[in-house]
Amino acid sequence: MRVRLGVILASTITIFVGVTTLLGLLFGSNLVLSEAAGGELVSLFIAFLARLFVQIAVVTVALTVVIGILNLLMVHTSRLFRGRGRTLNRLNSLVLVGVFVFTLGIYIFERSQNTPARESWSRLLLEDVLVTIESSLAALLFFALVYGAFRMLRREVSLYRVLFVVTVLIVLIASLPLPGLGLIVDLYRWLMAVPVSAGARGILLGIALATLVTGVRVLIGQDRSYG
Amino acid sequence: MEGILQVGTLLTIMAVFVLNGVVNALTRRRDLHHRRIAAFEALPGIIGESIEASRPVHFSFGSAAPGTESTLLALASAEFAYYTAQLLTISDTSPLFTVTETAAVPLAVDTLRLAYQSRGLLAEHFKPVNIRWYPAGAQSLAFAGGITAMQSEEKLAANFLSGSFGTEIALILDMSQRKQRPTLAVSDRLEGQAVSYALADYPLIGEEIFAAGAYVSGQPRLRRRNAVLDVGRWLLVIILLVIVAANLIRLFTGA
Chain A
692 MRVRLGVILA STITIFVGVT TLLGLLFGSN LVLSEAAGGE LVSLFIAFLA
742 RLFVQIAVVT VALTVVIGIL NLLMVHTSRL FRGRGRTLNR LNSLVLVGVF
792 VFTLGIYIFE RSQNTPARES WSRLLLEDVL VTIESSLAAL LFFALVYGAF
842 RMLRREVSLY RVLFVVTVLI VLIASLPLPG LGLIVDLYRW LMAVPVSAGA
892 RGILLGIALA TLVTGVRVLI GQDRSYG
Chain B
7 MEGILQVGTL LTIMAVFVLN GVVNALTRRR DLHHRRIAAF EALPGIIGES
57 IEASRPVHFS FGSAAPGTES TLLALASAEF AYYTAQLLTI SDTSPLFTVT
107 ETAAVPLAVD TLRLAYQSRG LLAEHFKPVN IRWYPAGAQS LAFAGGITAM
157 QSEEKLAANF LSGSFGTEIA LILDMSQRKQ RPTLAVSDRL EGQAVSYALA
207 DYPLIGEEIF AAGAYVSGQP RLRRRNAVLD VGRWLLVIIL LVIVAANLIR
257 LFTGA
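So the protein lines, in turn, are chains A and B. The first sequence runs 692 to 918 under our numbering. The second sequence runs 7 to 261 under our numbering.
Extracted from the complex, chain B is given alone in its bound form:
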């Protein structure tokens, strides 16, 4: 059993490695176009309003953090936050970051710091107090309560909730709606994803957060990553359809 797991894992990684290499080689000199995602189309307007009104944007990773099983989701959310925060650096107010896993605090600090550093505004505007930890852990109601209270305490422009959330995200989204603040939300957990779809103004679904960096920054490297994701998704669909077809044939022929 262990041998099958080892070989299977290695084969999967090698397959993704080959897929990545092939798609990168084929798309290197091409101008890639994205499919339209409403959340990312609304982003420039939200950022513009935040800058005009001098109100901070709130980013939250939820319980996604490095060192947990949501490490790569945390990195993807941080990448989205980095490129968006870069656009917000010209505002008078700094974006606010909230996390519920302590391991995400250094990630959030570094994300905001690098955003300001890339614009040469580190000394003037970067303040570590704009990163806030609320206790603690997955599906933390104390975290949701803290963020809900923050909606009243801070005059936020918008909420970008991308990370690992459970049903507790409903409290945050409900208060955000009452304050008439646009929200973008996505979660890797199904219950959080369902609530985000129902209550957020601009929900993302599943892996769309991994594509966010390319939409916001327009970097060719990240667009090629989206191309790899798209090709991989279609390959997965084809493989599943082949398996279904094979099972149906076996069912009807009695083989």
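With the rest of the complex left out, here is chain A:
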């Protein structure tokens, strides 16, 4: 019985908040339900509730940053102090926790000293260390994609895989700044304008339709994936 009451309560809250927010954001205070004096008050109240619910959601999502950081620390300190995993894994966790404490300390110290941005260590860590590492990963991405395309036909040869690889080759060759590629460039332009656009729109329409159907079912309480 407790479980059912909990599900009913969660569903009721979801439906009420969802419908109110939808009506409030869609119509604002223009939703006049009736010509009677109470109608305008109700529409203003719905608009107010909608804004309130959105603000609550925004603040809650912002606070989850703290949850994420605590989760990160919990996972890695657990690995360190409970001796879980291999030595190398624990070393990685030690480095992570150490760098976190160091960066936090640097930031707090610089804020207390009002250190100018161009002299700050935290800016150095962000722009000269983190961005550099992410750039390296982005470069690695290129090799992963090329190798993946190479392996694609090794695993299985099918019409769609061959088509995929041929399309990739056409796009790459058309990007070359070489003379005599007029036909391939025209083919590339046609590919981008017609089948690729059509396919992309098809995928996006499918996702949009599924999102819409799921959203409506959540609003009317038919889908209760939250409980």
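Treat the hints as calculated values from the structure; they're not laboratory data. We treat Cβ as the ideally placed atom computed from N, Cα and C, and that holds for glycine. Do not rely on the hints blindly, as some may be mistaken.
[Said to hold, decoys possible] Computed beta-carbon distance windows for the label pairs:
{"hint": "1", "chain 1": "A", "residue 1": "GLY697", "chain 2": "B", "residue 2": "ILE96", "range": "24 to 30 Å"}
{"hint": "2", "chain 1": "B", "residue 1": "LEU11", "chain 2": "A", "residue 2": "LEU732", "range": "23 to 29 Å"}
{"hint": "3", "chain 1": "A", "residue 1": "GLY796", "chain 2": "B", "residue 2": "ARG227", "range": "38 to 44 Å"}
{"hint": "4", "chain 1": "B", "residue 1": "MET20", "chain 2": "A", "residue 2": "ARG695", "range": "26 to 32 Å"}
{"hint": "5", "chain 1": "B", "residue 1": "ARG184", "chain 2": "A", "residue 2": "THR778", "range": "31 to 37 Å"}
{"hint": "6", "chain 1": "B", "residue 1": "ILE10", "chain 2": "A", "residue 2": "MET765", "range": "33 to 39 Å"}
{"hint": "7", "chain 1": "A", "residue 1": "VAL853", "chain 2": "B", "residue 2": "ALA129", "range": "48 to 54 Å"}
The hints should help you fit chain B onto chain A, whose structure is shown.
The following block gives chain B in isolation, referenced to the frame of chain A:
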């Protein structure tokens, strides 16, 4: 302009509401059958191998999270993860969840917790440290780097990547292939979808992740939702063909 937007949005929602009601009423007492999707057919084998080998399965939502424009995708991915994790609760090892948006951390925790609770194994096996946040945001290379490193750190059985991913998913899929772990991948972003199709062992395309819950659980309610999606898709195709036909007629008649 605003009036057209309001009316259009309301009409769209009402149309989907009516479609949902009609399809539900027509399919209520029918035994619905799914079309075959290779990824879901391979799922029981992957789950069985994970349980036999006592190796955890890795679920990732990417940057899909509640409170963002991918809220419903996050809920659909969580639904798929919930029903799959339910099957994995009998294993010695718990599934691992990774997210890159902090708002998805409570969703992932709740998904795993409910899966164990539904089997009465909450106290024995549920550990919050099995949900991991890697920073942060859409197309985060730090997240991809973290997951790639995790492929070496953890002896995973498989990777189920369903959510919002960009091209950075290539790093995860490449490492997963090197470790010979089966991967199921889908993304709502086109570049992530393209990479998933090329590199994943079992790619899903677009809205197939929204159908996953019905395939894994077999629940009649979720099968009816798939029926609504299928009917809605065909209606959309018919409407588009009618518009194309009308435009072609106007073009050729010069009207």
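Going through the hints against the structure:
| no. | hint | in the structure |
| --- | --- | --- |
| 1 | GLY697(A) to ILE96(B): 24 to 30 Å | 25 Å, holds |
| 2 | LEU11(B) to LEU732(A): 23 to 29 Å | 25 Å, holds |
| 3 | GLY796(A) to ARG227(B): 38 to 44 Å | 52 Å, violated |
| 4 | MET20(B) to ARG695(A): 26 to 32 Å | 30 Å, holds |
| 5 | ARG184(B) to THR778(A): 31 to 37 Å | 22 Å, violated |
| 6 | ILE10(B) to MET765(A): 33 to 39 Å | 50 Å, violated |
| 7 | VAL853(A) to ALA129(B): 48 to 54 Å | 53 Å, holds |
In this structure, the hints that do not hold are numbers 3, 5 and 6, in rising order.
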